[in-house]
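Could you slot chain B onto chain A? The hints should help.
2 protein chains.
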Amino acid sequence: MKLYTTLSHLVDIKLFTHSTLRINCFSAAYYSQKPLWGKNKPHRKVKLNLYFDSMADPAAEKLLAPLRASVKAQGDFVRKLKSEGAPALDIKAAVAELLSRKKLLEETELKLAPNATFDRARMEDLLKRRFFYDQSFAIYGGITGQFDFGPMGCAFKANLLHAWRQFFVLEEQMLEVDCSILTPEPVLKASGHVDRFADLMVKDVKTGECFRLDHLIKAHLEKIAADKKTSEATKAECQDICIKLDGMTKVEMAHIMKKFDMKSPLNGNDLTEPIEFNLMFGTQIGPSGLVKGFLRPETAQGIFVNFKRLLEFNQGKLPFAAAQIGNAFRNEISPRSGLIRVREFTMAEIEHFCDPNDKAHPKFENVKNSELLLYSACSQMDGKPAEKISIGKAVSTDLVANETLGYFMARIQQFLVRCGVDPARLRFRQHMSNEMAHYACDCWDAECLTSYGWVECVGCADRSAFDLTQHTQATGVRLAAEKKLSEPIVKDVVEAVPNRAVMGKIFKRDMKIITEALQMLNINEIETLENDLQSKGEYPLRIGDQQFLLTRDHVAVKRYKATEFVEEIIPSVIEPSFGIGRIMYSIFEHNFKQRENDEQRTYLSLPAIIAPLKCSVLPLSSNPEFVPFIKSLSAELTKVDVSHKVDDSSGSIGRRYARTDEIAIPYGITIDFDTLKEPHSVTLRERDSMVQVRLPLQDVAKVVHNLSYNKEVWSDIESRYPKFEQQENTA
Amino acid sequence: MKLYTTLSHLVDIKLFTHSTLRINCFSAAYYSQKPLWGKNKPHRKVKLNLYFDSMADPAAEKLLAPLRASVKAQGDFVRKLKSEGAPALDIKAAVAELLSRKKLLEETELKLAPNATFDRARMEDLLKRRFFYDQSFAIYGGITGQFDFGPMGCAFKANLLHAWRQFFVLEEQMLEVDCSILTPEPVLKASGHVDRFADLMVKDVKTGECFRLDHLIKAHLEKIAADKKTSEATKAECQDICIKLDGMTKVEMAHIMKKFDMKSPLNGNDLTEPIEFNLMFGTQIGPSGLVKGFLRPETAQGIFVNFKRLLEFNQGKLPFAAAQIGNAFRNEISPRSGLIRVREFTMAEIEHFCDPNDKAHPKFENVKNSELLLYSACSQMDGKPAEKISIGKAVSTDLVANETLGYFMARIQQFLVRCGVDPARLRFRQHMSNEMAHYACDCWDAECLTSYGWVECVGCADRSAFDLTQHTQATGVRLAAEKKLSEPIVKDVVEAVPNRAVMGKIFKRDMKIITEALQMLNINEIETLENDLQSKGEYPLRIGDQQFLLTRDHVAVKRYKATEFVEEIIPSVIEPSFGIGRIMYSIFEHNFKQRENDEQRTYLSLPAIIAPLKCSVLPLSSNPEFVPFIKSLSAELTKVDVSHKVDDSSGSIGRRYARTDEIAIPYGITIDFDTLKEPHSVTLRERDSMVQVRLPLQDVAKVVHNLSYNKEVWSDIESRYPKFEQQENTA
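Protein chains in written order, with my numbering: chain A, 1 to 731; chain B, 1 to 731.
Among the hints, a few may not be true.
As the list claims (entries may be wrong) - Partial chain B-side listing against chain A, Cβ under 10 Å, derived:
1. Asp148
2. Thr207
3. Ala474
4. His644
These aren't lab readings, by the way, just hints derived from the structure by calculation.
Every value quoted in this text rests on a predicted model; they were computed, and no experiment measured them.
C-beta atoms are modelled at their ideal positions from N, C-alpha and C, and glycine is treated no differently.
One chain only, chain A, in its complex shape:
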């Protein structure tokens, strides 16, 4: 799992990139004192950029062509510098320029797309009003970057996680684990998080108020650029800096702060120099205050440190995948964008361990024809748009590094689309060499287009043997697997064998370290030992500060041939890593709809499998004759695992349907006066089409069960039962 930071030297830590997520305001107050109850924000419409194939639109393409050419020219220049082995600083500067041109192209592309007006404020109002989620501890003023999921959000999340478990863990027979959140320092030291998981910030020297440095610079320069009195040259400079901000170093940013004389935007106070702020929450484990620990910033490390046990559980065989669903924590300097950048979040991560020399996947055949919208590093350098391509072709042409990576990308797309992500607003963007970790072979992010821009929702990386190697080095426990050799190898073995009986008496407690040291000698050292024993009769063995004089009585050199059937390998890791909150947010945006003739009537078209509740039960009126039918129907629905809501409140059927549409209930059963007659029957309504059918009461629980668990689709039901024609608003 990856999180974007502004420090370009941090690229070898796994981070979530959000370069596309910058928005124009920033909240310095992370602990708002204002209660949120009943506050109605003014509705502000946000333009939604629906992704579109600009190549198919000649007018748009004409405008984009020069921008594409400009990106390509710079891309070629970077390639040239690299091939010539130019100085690192020159390459860095060229890459920064490339990124700024690329950003301009992408932003223009988004602006040119046919815009649907998406009303984010209205959606957020709905999500809050119906308690999908809201700020945590709101009655205490709230904490930004933390959210509580209410009944609807919690059920949606639980269903999404359940679907994930079915789709990945069960179907692929992965080994799911559930590891500790509190993590001792040495583990995160080895993973690199203690030293490098940081963002730059500055502090108000008087009040201690903190600001994330890139946010501060951006806000400051945008204010200057918006001022009428500012010269065109300065405006251009400000815009240029904003575009290049992502790739800047600490020194460069400090320089800009000074140049523009930036102060606290709250009170004009002076600010400190930039400080690297580690994003992990620290605490002490145990009462002594001596054992430092952190809340894990990702779930992956729990899997890596358990690798040996997992391999054993899998009877020593590769490949296998482990998976984990759990919470992780990042102490963001200024959380923002709702569920997208938060301090506490749920992740679902997979670590697929395989032979580094064989990354084929047995089920790749099943997905090879899946078409994905791929935005390759090459296209990004050449100013070309993303393109649809089958994953089979992508792997066979080496665009995607290997079958296993390709298999997971296809499965990620299947999963996201099944859960409600709009396939037209989903792409896979490859990391360019400057953003990819040094040890990674290839990395693709599944990005969803939202009103915040393209949001990285799933990262999918080939992390090579990095993590296992790091923990092996830190602990001395070899996190490796054995691979059967195709043919046994006969090896010459030279060994320094201690005479334990004799040595034990002399060296006593030191015997253990001496034996270990002898085992560690390499072939040259053993030969020196052999020569020394023969020529001088003794050999000085150094261990740390100590020295032990060994004689021919103590140790003998033996030579023999050994046959090896296995070799030790450190597995490669392919890591698909899901940000659950971001996926949820994207699904909300992609499924927030307004009725055609009534803008006020909004609803969420979540797929049934993840909808919080599967079905509503609505008596036409408060007539007591309906009550026994409601009770028995509710019991029957519970029996077949259909979560449902009985809405016997007053209000017309139409109004109650509208209420259930808001919380995404896909099916509605109405009990009316015809229900009372024999044979008993009810109506069943589908949320998106608002089509209703009439069917026997005894069928309905089973039908809704089948619809809810993807065993039948609505058209099956429509063809089987007569349509019920009464209009909602007249009912």
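Just chain B now, with coordinates in the frame of chain A:
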């Protein structure tokens, strides 16, 4: 959720009681340096005390009678003191004596029970070897009190939580929420945790090593008592102190430390005075270091602070229940007893909000005949054993405070037994008045008997209006509901009404606080104001340090009659709170079995609904003809949501069955040479009875699905298909 502490003045904080969990060793080293790989502990057999009805055993009862009488005498004495209004200190001393007598009775009772030898070390070895769970970060030396669940433990846990959600949330239509773990200080200040959630500890003055005080005293005195040179009088004193330790104050414990001159057991260093150590993990939220937060010590507070939104979601109606599954954290001074006392754990909590004057439950009728083993506070004071009684009778005789509490107790029992808790080792123990929180009306703990003694697994308390009141006071946000009055009430209203137009001009920005202050005046104050205005022409309104002079132009007193249709009530909360790790541990112990004729063959008889995997698929041999059958069967099982494991490793069928028995797989399908013939058939084996049937291949997925999800039972299958007689060990 409640956690036991040694501070008797902490009774009004929700704590998990483990007075029954004390064991005789203690681990001061909370950060063990020893790696755990492949370490085989010597098998140590622990006597398992199966709970039994001692009343039915005249010989045992004869031995217990004097102990019962001694408890009753002291119980009566305590009652007498209370009825006479004796000094608090006298009552406290008498209660301590009562507790010590009660403890002796209960321990004797357990000793007299018919003992099955339970081999805890062997069970722990199985759980570790098959990676149900193990110490976290073991390759880094491990952290005590933290555990990672491997594939089998994780699947078991996920199934248990899924069952919980089905059983409680869906069936009772509860409002499930998912709230933040990181909690700002003011929330936990209001709940009482910041001030009172503490254990006593002492520190080594030189090394800083910490010891939990009660553990230290107990270990020290037991060592003295075990010494042959110790006099009988001192031995008796030591035993007496150990028994009374639970109820002792800080001062009393400090006195004992001094009297016995206790030093660090590790190195004989001096120890500090007792220190109250808060058990919450602290951290800072945000970069400034100024916002203090804690990892939540229970999930309940997240529900309470969201009460208003939940009530709104429920359309303002009472009663309703909210639920939450999530992790909580407690920085135990010395964690121990495996999963029972840990630093990081999963809870599932329900908060049922209801009218304080109406705690009837609409579904109580459904459970009223359920028999529960109740160990009432009275029985505990009278030295009587727990008794089986129907929950209907328990509520009607006021033994259990109300229907809602009784309903949940019955449902808790149903749930635990369904998930594998042995009903013979389950009891409900009522809190005695000395251990119950001052605000609670009644509290019963569901306790499971394990080799550690009776372990509290679920708490079930009527917490009255305590929590909502606390958060209302802390925030000023009224966490209350409206109740429709049976008849409208007409009230005389007296109001001080400001003349906004006039006052606004004079008081400007202060207008708001003045208006608020006027609204807050009580009837007497309004009358004073009215008199003052009439007599003096002005009234000094004090607000904090300020004073505002009001005249008749500013404010007028109005009197009128108002009809009220609703009254405001603060709901009562009934809280069932499940410790998931403890339930898992109890289920492990209650389901760890050995085959009758082969002690070495151990297995776990987990019920199918919570078993990690539902079914194994075993080809008789590595014959390639079996492969297509395995593949298609595996696909079919996945389609009907049956998690399964294909074991095509070498080894006899019998050995492979034994392996799947160890990981609790309830059903095994074997593909043999008869499978190859048409009509294709397979054998199906049930784990506990080891009975096998032969059935058509096409039936088997559906059959295992039905068995796994409680839709059919094994006897249905046995009666439908022919028995397959081949013996396991010969197959």
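We went through each hint and held it up to the structure:
no.	hint	in the structure
1	Asp148	4 Å, holds
2	Thr207	9 Å, holds
3	Ala474	8 Å, holds
4	His644	8 Å, holds
The structure shown violates none of the earlier numbered hints.
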